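Trainee: Here is what each chain is made of, one letter per residue.
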Amino acid sequence: MSSKMKESVETVLNMPTCTSCNRVISPGQEATKFSCPSCGEIVIWRCNRCRKFGRPYQCPKCGFTGP
Amino acid sequence: MSEKTEKDEVEEAEETKDAKEEVKENVDDAEVGLVVGEDLLLPRDTLLSAGIHIGTRMKTKDMSQFIYRVRPDGLFVLDVKKTDDRIRTVAKFLARFEPSKIAVVSARLYGQTPVKKFCEVTGATPLIGRFVPGMFSNPLYPNRIDAAVVVVSDPKADVQAVKEAAAAGVPVVGLCSTDNEFTGVDLVIPTNNKGRRALAVIFWLLARQVLRERGELPPDQNLTQTIDDFEAKVTKEEET
Ligand SMILES: [Zn+2]
Ligand SMILES: [Zn+2]
Numbered sequence: 001m002s003s004k005m006k007e008s009v010e011t012v013l014n015m016p017t018c019t020s021c022n023r024v025i026s027p028g029q030e031a032t033k034f035s036c037p038s039c040g041e042i043v044i045w046r047c048n049r050c051r052k053f054g055r056p057y058q059c060p061k062c063g064f065t066g067p
Numbered sequence: 068m069s070e071k072t073e074k075d076e077v078e079e080a081e082e083t084k085d086a087k088e089e090v091k092e093n094v095d096d097a098e099v100g101l102v103v104g105e106d107l108l109l110p111r112d113t114l115l116s117a118g119i120h121i122g123t124r125m126k127t128k129d130m131s132q133f134i135y136r137v138r139p140d141g142l143f144v145l146d147v148k149k150t151d152d153r154i155r156t157v158a159k160f161l162a163r164f165e166p167s168k169i170a171v172v173s174a175r176l177y178g179q180t181p182v183k184k185f186c187e188v189t190g191a192t193p194l195i196g197r198f199v200p201g202m203f204s205n206p207l208y209p210n211r212i213d214a215a216v217v218v219v220s221d222p223k224a225d226v227q228a229v230k231e232a233a234a235a236g237v238p239v240v241g242l243c244s245t246d247n248e249f250t251g252v253d254l255v256i257p258t259n260n261k262g263r264r265a266l267a268v269i270f271w272l273l274a275r276q277v278l279r280e281r282g283e284l285p286p287d288q289n290l291t292q293t294i295d296d297f298e299a300k301v302t303k304e305e306e307t
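Line by line, the protein sequences are chains B and D.
Residues 1 to 67, numbered by my numbering, are exactly what the first sequence covers, in order.
Residues 68 to 307, numbered by my numbering, are exactly what the second sequence covers, in order.
Keep in mind that the hints were calculated from the coordinates and are not lab data.
Hints may contain errors.
[To be verified] Incomplete in silico selection of chain D near chain B, CB under 7 Å:
| # | residue |
| --- | --- |
| 1 | Ala215 |
| 2 | Phe249 |
| 3 | Thr250 |
| 4 | Val252 |
| 5 | Val255 |
[Claimed, not checked] List of simulated lysine-lysine pairs, PhoX-like, C-alpha gap at most 20 Å:
| # | chain 1 | residue 1 | chain 2 | residue 2 |
| --- | --- | --- | --- | --- |
| 6 | B | Lys52 | D | Lys126 |
| 7 | D | Lys183 | D | Lys168 |
| 8 | B | Lys61 | D | Lys126 |
| 9 | D | Lys148 | D | Lys159 |
| 10 | D | Lys126 | D | Lys149 |
| 11 | D | Lys149 | D | Lys159 |
| 12 | B | Lys33 | D | Lys230 |
| 13 | D | Lys168 | D | Lys230 |
| 14 | B | Lys33 | D | Lys168 |
| 15 | D | Lys159 | D | Lys126 |
| 16 | B | Lys52 | B | Lys33 |
| 17 | D | Lys149 | D | Lys128 |
| 18 | B | Lys52 | D | Lys230 |
| 19 | D | Lys300 | D | Lys183 |
| 20 | D | Lys128 | B | Lys52 |
| 21 | D | Lys159 | B | Lys33 |
| 22 | B | Lys61 | B | Lys33 |
Every value quoted in this text rests on a predicted model; they were computed, and no experiment measured them.
Ideal placement from N, C-alpha and C gives every residue a C-beta, glycine not left out.
Bound-form chain B, shown alone:
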């Protein structure tokens, strides 16, 4: 793998994913993050589409389901 390609793969790997739909959230996208309302230990990410459609999210640690 070329170093350039490796770099871009790493960039994608380090990008957050939406807790609801698992899609990568790019830096330019409207999204939000907050610590799990219940346990506070996991960062929940929600992409703009999941927020707009009110899709549920679940904390992988404590099981809290929102919104």
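We have chain B already, so just place chain D with the ligands on it with the hints.
Mentor: Using the frame of chain B, we list chain D with the ligands on its own:
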């Protein structure tokens, strides 16, 4: 989502009136939903007589998980235990933020006194009355509020605040009744969000619980402010 229409205003006014009338019938609900030994933040009777469980005649798919039943008159009723649970969760959540960075919004009249009191008690920042566009999202606006979290009294009435919070990437806590949708809302408190007494009780409970979570109030102690202090006062004109 469209701006509030005149029809919405009329419907809201009717719903508020309904909620007041329904309070008389709340004793029936108390009997139906009673669980022995349950641990609520306030006695079930107190919550029910304030009508915090009284929804509207409309039910959204989003809110169905919080709805307890539909009454014969077509009014949807919320599950008080779930409201209680969510007040605890939201208080834990809000307690993690710097107080002044919690923005609390209410365009609706009956929400304004409860929001002001909540902010006095917890150090949050109130935004009541007409929401000035650009308040969260425009970095050039001099009175811009640098909110880390936004609480709205009603995602429908406070739609501009919800939109701007989305644009700013700020999480939104919404007081939602049976007719609300989750668009733009990250965390819901299911409650009557139109009744005067209900809004006072919800914000009072939330304020007390936030202080308890922060360790500023022992778990067995109350606020010095009463629920009455949190309630919007009705002028003579409104009463007649
Ligand atoms: Zn998503
Ligand atoms: Zn959790």
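Trainee: Could you run down the list of hints and mark each one as holding or not?
Mentor: Evaluation of the provided hints:
1. Ala215: violated, 9 Å
2. Phe249: Holds - the Cβ of Phe249 of chain D comes within 7 Å of chain B, reaching about 3 Å at its closest.
3. Thr250: holds, 6 Å
4. Val252: holds, 5 Å
5. Val255: Where the cut-off is 7 Å and the nearest Cβ of chain B is about 5 Å from Val255 of chain D, the hint holds.
6. B:Lys52 to D:Lys126: holds, 19 Å
7. D:Lys183 to D:Lys168: holds, 15 Å
8. B:Lys61 to D:Lys126: violated, 31 Å
9. D:Lys148 to D:Lys159: Since the Cα atoms of Lys148 of chain D and Lys159 of chain D sit roughly 17 Å apart, the hinted pair holds (cutoff 20 Å).
10. D:Lys126 to D:Lys149: holds, 16 Å
11. D:Lys149 to D:Lys159: holds, 15 Å
12. B:Lys33 to D:Lys230: holds, 16 Å
13. D:Lys168 to D:Lys230: Holds, because 18 Å separates the two Cα atoms, which is no more than 20 Å.
14. B:Lys33 to D:Lys168: Given pair Lys33 of chain B, Lys168 of chain D holds - Cα atoms ~15 Å apart, limit 20 Å.
15. D:Lys159 to D:Lys126: Cα-Cα ~28 Å, so violated.
16. B:Lys52 to B:Lys33: Between Lys52 of chain B and Lys33 of chain B the Cα gap is close to 15 Å, so the pair holds against 20 Å.
17. D:Lys149 to D:Lys128: holds, 17 Å
18. B:Lys52 to D:Lys230: holds, 10 Å
19. D:Lys300 to D:Lys183: Distance of about 13 Å is within 20 Å: holds.
20. D:Lys128 to B:Lys52: Within the cut-off at roughly 15 Å; holds.
21. D:Lys159 to B:Lys33: Answer holds: Lys159 of chain D to Lys33 of chain B is near 16 Å, not above 20 Å.
22. B:Lys61 to B:Lys33: It holds: about 16 Å lies between the C-alpha atoms, which stays within 20 Å.
The structure is inconsistent with the numbered hints 1, 8 and 15, although it conforms to all the rest.
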